[in-house]
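Line order of the protein sequences matches chains A and B.
Going by this note's numbering, the residue at position 86 of the first sequence is 86; the numbering climbs one at a time, nothing skipped.
Quick note: to get this note's numbering, add 113 to the position in the second sequence (first position is 1).
Because the hints were derived from the structure by calculation, they are not lab data.
Since this is a predicted model, take the numbers as computed values, not measurements.
Hints are supplied without guarantee of correctness; some may be wrong.
[Stated by the list, open to error] The list that follows gives simulated cross-link-like pairs (lysine to aspartate or glutamate, DMTMM-like), each with its CA atoms no further than 25 Å apart:
| id | chain 1 | residue 1 | chain 2 | residue 2 |
| --- | --- | --- | --- | --- |
| 1 | A | Lys-68 | B | Glu-215 |
| 2 | A | Lys-58 | B | Glu-215 |
| 3 | A | Lys-58 | A | Glu-71 |
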Amino acid sequence: AQSVTQLGSHVSVSEGALVLLRCNYSSSVPPYLFWYVQYPNQGLQLLLKYTSAATLVKGINGFEAEFKKSETSFHLTKPSAHMSDAAEYFCAVSDSSASKIIFGSGTRLSIRP
Amino acid sequence: ETGVTQSPTHLIKTRGQQVTLRCSSQSGHNTVSWYQQALGQGPQFIFQYYREEENGRGNFPPRFSGLQFPNYSSELNVNALELDDSALYLCASSLGLAGDQETQYFGPGTRLLVL
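Could you put the whole structure together from the sequences, leaning on the hints where they help?
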């Protein structure tokens, strides 16, 4: 069985500060890992995905995530937060790129001016 | 824009009624998945269709059913609506089932309110 735990339902950072959203996964098979972003009243947009290639994955909008098997983690980072980054972020796991995706409960990111 | 559209955008129904939600995938996408996202939660997998056949189902009762059509459109049907069915329903499409380069593209969702 696969699962995802997102640590912190709400994270608040100042504009220009580092963004760090934490995600730990559980999987009995080599996982595919994803980060999605959801803006208010919209669907999900893929930020980045890990598919067993490079452990450091670069995504859109300056985000990146590092797969650490020893820690079963896939934390999302961005060096400098922008006001437009305010949204809900979901970490997710799957056993392939096109199979059912198991989502975490989400982390709401707020940006302080 | 992902090229995946859903209709309607919003819907209000009463308990016991039936509802049909529609999704139009990108042209050529043979796989569609449906998810339910309750308020304040992450999406939960309902089921997946591949080339018009069900290809996996989550922990949802049989009153949740689906159809996929050859023209890359699909439907989610929910019978005997319950208050807890109130949620955002998302569909996601992809080309196929295999390969590291597969990406699932999500639509904007249909927000269903059951009164």
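How the hints compare with the structure:
no., hint, verdict
1, A:Lys-68 / B:Glu-215, "holds, 22 Å"
2, A:Lys-58 / B:Glu-215, "holds, 17 Å"
3, A:Lys-58 / A:Glu-71, "holds, 19 Å"
Violated hints: none; the structure is consistent with every hint.
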